[in-house]
Amino acid sequence: MEMDRQENKIGIFGGCFDPVHIGHLVIAEFAYLQFNLEKIIFIPAKIPPHKEKVFATPTQRLEMLRLAISDNENFEVSDMEIKREGPSYTYDTIISFKMNNPGKKIYLIIGEDEFVNLHSWYKINELVKEVIFLVAPRFGKEIKMPHPDLNLKYEKIDSPRIEVSSSFLRNQISSGIYPKYLIPERVLEYIKKERLYGN
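Taking our numbering, the leading residue of the sequence shown gets 408, the next gets one more, and so forth.
The hints are simulated quantities; they were obtained by calculation from the structure and are not laboratory data. Note that the coordinates shown come from a computational prediction; the quantities given were computed from them, not determined experimentally. Every residue, glycine too, gets a C-beta built ideally from N, C-alpha and C. Accuracy of the hints is not assured; some may be wrong.
[To be verified] Okay, derived cross-link-like pairs now, DSS-like style, lysine-lysine, Cα gap no bigger than 25 Å in a straight line:
#1 587 / 551
#2 599 / 530
#3 490 / 511
#4 551 / 505
[To be verified] Cβ pair distances, simulated, as ranges:
#5 600 / 558: 43 to 51 Å
#6 569 / 549: 15 to 23 Å
#7 457 / 569: 17 to 25 Å
#8 549 / 572: 15 to 23 Å
#9 562 / 602: 21 to 29 Å
#10 530 / 587: 20 to 28 Å
#11 593 / 532: 36 to 44 Å
#12 459 / 436: 29 to 37 Å
#13 509 / 582: 17 to 25 Å
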């Protein structure tokens, strides 16, 4: 297993992380273990192409991620999308990462709800040539496939399904409820300090 981890297999996990929660962290941990990845890099989006609204600022979401993974040496956070102007397209991120990290094999971690809509992603026909998708199941045992014309490689992450979403957690917090265990303690304290999500 340790030999496999030296093969430059990198997991990339993008998203809003608004806020980061246990579902994100469990998916990342199981992907790391199952596919013998060297590390997982979380990349929060500055301007998500497929979301109308983001609630916390890019800097706040970056800090929440840093706090969430601070005790896991196999996880890292990158601010590359936050530094970049314009929409945070995954294709641009992967190409930029590969240019700066030659020889790395990229595993892109996504949820099944995103996977089935890959046909709508920016430069998806080019992106599928650059990565192997690691898909976290959401709808059942069998992964629903995206558009059949996409010639992609994917694997299923055998992780527990944790039915929690960032939108649910934001609503809880706005009601004055701080969901312990669903959000890392350090992140909850930061949310309180910054008065995020209408708390």
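Q. Which of the numbered hints above does this structure break?
A. Hint check: 1, 2, 4, 9, 10 and 13 fail, others pass.
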